[in-house]
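Visitor: Here are the chains, one letter per residue:
Protein chains: 2
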Amino acid sequence: MCTWIPYPGGSTVRDLILVHKPNEARRFIEEVKDSRAIALYVIGSTLTSTIPGISVAGASPRATLYTPTLDVEYLVTGKPLSMDVVPVTPEGIPTPAIITRASLKLMDIPYLVVNSGSYIEPRIPHIVLPSRCVGGLINECKGLPKGIANKLFRESESLGKSISRGVDVVIIGESIPGGTTTALGILAGLGYEAWGLVSSSGPRNPHELKEKIVKEGLEVLRKGDVKSDIFGVIECLGDPVHVSIAGLVKGVVSNDAKVILAGGTQMSAVLAILKSLNVKLRNRLVIGTTKWIIRDDTSNIIKLVSMTYDVPIIAFNFDFSRSRYEGLKYYERGYVKEGVGAGGTAIAASVINGVSAEDIIREVHEEYSRLLSMGGLHGEDKTH
Amino acid sequence: MCTWIPYPGGSTVRDLILVHKPNEARRFIEEVKDSRAIALYVIGSTLTSTIPGISVAGASPRATLYTPTLDVEYLVTGKPLSMDVVPVTPEGIPTPAIITRASLKLMDIPYLVVNSGSYIEPRIPHIVLPSRCVGGLINECKGLPKGIANKLFRESESLGKSISRGVDVVIIGESIPGGTTTALGILAGLGYEAWGLVSSSGPRNPHELKEKIVKEGLEVLRKGDVKSDIFGVIECLGDPVHVSIAGLVKGVVSNDAKVILAGGTQMSAVLAILKSLNVKLRNRLVIGTTKWIIRDDTSNIIKLVSMTYDVPIIAFNFDFSRSRYEGLKYYERGYVKEGVGAGGTAIAASVINGVSAEDIIREVHEEYSRLLSMGGLHGEDKTH
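Residue numbers (the working numbering), protein chains in the order written: chain S, 1 to 384; chain H, 1 to 384.
If we strip away everything but chain S, and leave its shape as in the complex, we get (with noise of 0.2 Å):
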C-alpha cells in the first residue's frame, strides 16, 4: 500500500510520498499549485496528558500542559514567551514546530493559531474560540464540559467559513499532548476497533495504558447518563481540538475550499467525527503527514484512515538520519515524528510553493542551530 512515487513534476517537489490512495492525491497535488492558502494551528490541553506514561510532549506529564502555548508562541516569534524554553521531550529532543516555523518561512501564505482550549493563553495574537475550553481526565469521562462540544464545531465551522473566502486550500495543523489517546477515545467512542492503531510522540508506544484508560472512560460512558451521540461521545472521551478541526474542515469546504490535514494517526479521529456527521468531503481532503508516521510499526494511519473516511494520505520523505545535530537524528529512531502540522506544512511549501526539500531541512538545521545558540534547548543540544 505504501506506494513511493517521486513526483513527476520536476525536482522541485520530489521526496514525497503518497502513501494511500497515490493517484487522488496526485491529482489534488496538481490542483494547489500556485493556489491561495492560508494555514492554521489549533491548540488545546486535555488533563489526559498529564497522567504519567500517555504523553512525552513536554519535559515531564505537568509540563505538557505548556507546550501548545509553547509551541505557537515559538512558531510565530521564534522564541517561547510565556516561558523561557522550547518544547522537548524528556530525552529534550525539540518540538516538531522547528519544521513547521522553517517550512512557513520558505513560503508566502498567511498563518494564524487557533486556541480551542489552551491552559494558558499564548502571548501572541491569535484566534480564539467563545468556547475554548481545557479537556478533564477521559479516564473519568470528562473529555469537556457538557454541551461545549457542539458549540466548538459551531464555532470552528464559522471560522472555517469566514476565514476560506477567496481561499483555495487551509492547511490545518494541531497541538495537543495526549492527543492520540483522545483520539483513540473518540474513535472507540464511535464504535470503531482503533486498538493498537495510534501513534505515539515516543519509540516505545503506551497502547496498553491507552486502552486502559478510554477503556475506563467508555465503562463510564456505557453506564452512565451521559448523552451518547457524537458530541456526547467526544465530552466523554475527546478533548477541544479534534472536533474543532472538524468544525472548521466543514466550514472550509462548505466555500469549496480544500483542506490539507496537517497531521498524524490523530487525524482519523477528525475523519471519524466529520463522518458521523454525514460532512461531504467531495475530494476535497488529504491528510499531510511525515514518513515518521508512515514508518511507524507501533501505528497503522493507513489502517484508520481506511476504517473512518477513506482519502488520500501524503507524507513529506525528511530524512535527518545524516543530521549534524543528535536532536534531528532522534526524529529517525521514532522519536516526536510529528506535530503543529509539520508534515502537511512542509507538503504545502512544496507542493503549493514549489520549495524544494533540500530548502525546507537546510532551513530545519539553521533553526536548529538557532535556537542552541539563543539558549532556548537549555543552550546545549540535550541529546549528545
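No lab work stands behind these hints, which were simulated from the structure alone. Heads up, a few of these hints could be off.
Given that identical chains are not distinguished, each listed pair holds provided it fits within a single copy or across any two copies.
Said to hold, decoys possible - Listed below are the simulated DSSO-like cross-link pairs for lysine-lysine, each with C-alpha atoms no more than 30 Å apart in a straight line:
hint : residue 1 : residue 2
1    : K33       : K161
2    : K105      : K329
3    : K142      : K33
4    : K105      : K280
5    : K223      : K105
6    : K275      : K146
7    : K161      : K275
8    : K105      : K151
9    : K151      : K280
10   : K79       : K146
11   : K33       : K215
12   : K275      : K33
13   : K161      : K105
14   : K329      : K223
15   : K33       : K105
16   : K79       : K280
17   : K79       : K151
18   : K161      : K223
19   : K215      : K146
20   : K212      : K79
21   : K105      : K215
22   : K275      : K329
Starting from the known structure of chain S, fit chain H onto it as the hints suggest.
Guide: For chain H alone, kept in the frame of chain S given last:
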C-alpha cells in the same frame, strides 16, 4: 479639493469620490483590482464613551460599551449574540455594520475581527491581542495602563506581518465608541492643532465637550510624571484601537502589502502615530470612507490628513436619500456617517471585486429589511 471624478474603468466601479490626492488614489485603485485581499475589524472600548454627550454609538452612554461586541457579532453571524439588540443610536438608527456586512456578502475575501480591548468578549471566533485592555477616562489621563500601548503596537505589528503574507491589500476598519474624542486626544497630545476638526456620529458635533475632556487630560499629562513619548501620549489620551491599527499598518506595509484604512476622521490619529514612529507608508495606504464624512461640515478629514500623513482619501458615494427606510434616510441627515469599516469595505468591494454601487445599496436594504423582520431593531423601524 473635493474632486468628484467618476472612475473611468467602466460602469461597475463608478460612484467613488476621489476626495484627496486623486491621481494617487486612482493609481491605488488600478493596482488593487482583482488582488488578494483580507479585511480586519479592530474593536475596543474606552470608558470615555460613557461620559454623557460624547458618543451616540449606543442607545445610552453606558450602552456604548457593548456596541463594538454587538457590531462584530452582527457582522459575522447576522445577529447580535451577547444581547438581543443591534447597536443603534438613541434615535434608533442602526449601526453602519449593516453596510459592512452587505459589502462583504458581495465579495469573496476572508475577514476577521481583532479584539484590542472590548468591554465584553464577542461570542464569535476572533483574534485577540494578548495585551488587550479597555481604555480608561482620558480626561483623567487614563487612556491605557502603563506599558500597554507599546505592547499593543508590537503585537498588532506582528499580526499585520503574519496575516498579510502573500496578500496584496488589507482593509482595516474599527469600532470604538468615543473614538473621535480619543483620536482628538492623541492628535492634541502629539501637538497637532486638531480642535474642531474631528467628526461625530451625530449631526450635532459636541466639539466643546470633546475639547474640554482632552484639555483636562492634557493638563494632567503636562504637569504629571507620565512619560510623554508617543506611547505615553496614547496611555494618557488615547485608547486601545488606534495604536493597534497603527501596529497592523506597520506590519502590513513592511510586507509590501497595501492598506485601505477604512474609517473617518479618527484615522488621522492612526496616521499621526505612524508618523511619530517614522513608519514609511511608501504609497501603500489610502483612507477609504463614506460620502457622509467628507460632506460633514462639522469636521474636516482633508485638513486632518494633510496635517498628519498626507495620504489619498477615497469616499464611497452612498445615497440613501430616497431609501424606503427612515433609519437609512437618517444617514443623509448627518447621523452615524461611518464605522465598522463601512466606507472602506464598500470601496474594496467596488475596486477589488468590481461590485456595483447599486448591488451594495440593494444589499444594504435587504439586510435592513431582514433586521426589521427578525425584530433586531425592536421589531419595527423605530425611526418612523
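Visitor: Each hint: holds or not?
Guide: Hints versus structure:
| no. | hint | in the structure |
| --- | --- | --- |
| 1 | K33 to K161 | both (22 Å within a copy, 24 Å between copies) |
| 2 | K105 to K329 | within (22 Å within a copy, 50 Å between copies) |
| 3 | K142 to K33 | neither (43 Å within a copy, 51 Å between copies) |
| 4 | K105 to K280 | between (33 Å within a copy, 24 Å between copies) |
| 5 | K223 to K105 | neither (50 Å within a copy, 48 Å between copies) |
| 6 | K275 to K146 | within (22 Å within a copy, 51 Å between copies) |
| 7 | K161 to K275 | within (19 Å within a copy, 37 Å between copies) |
| 8 | K105 to K151 | between (34 Å within a copy, 24 Å between copies) |
| 9 | K151 to K280 | within (20 Å within a copy, 43 Å between copies) |
| 10 | K79 to K146 | between (36 Å within a copy, 25 Å between copies) |
| 11 | K33 to K215 | neither (44 Å within a copy, 58 Å between copies) |
| 12 | K275 to K33 | within (28 Å within a copy, 40 Å between copies) |
| 13 | K161 to K105 | both (26 Å within a copy, 12 Å between copies) |
| 14 | K329 to K223 | neither (47 Å within a copy, 62 Å between copies) |
| 15 | K33 to K105 | both (18 Å within a copy, 28 Å between copies) |
| 16 | K79 to K280 | between (39 Å within a copy, 28 Å between copies) |
| 17 | K79 to K151 | between (32 Å within a copy, 17 Å between copies) |
| 18 | K161 to K223 | neither (38 Å within a copy, 52 Å between copies) |
| 19 | K215 to K146 | within (20 Å within a copy, 52 Å between copies) |
| 20 | K212 to K79 | neither (37 Å within a copy, 46 Å between copies) |
| 21 | K105 to K215 | neither (42 Å within a copy, 47 Å between copies) |
| 22 | K275 to K329 | neither (37 Å within a copy, 49 Å between copies) |
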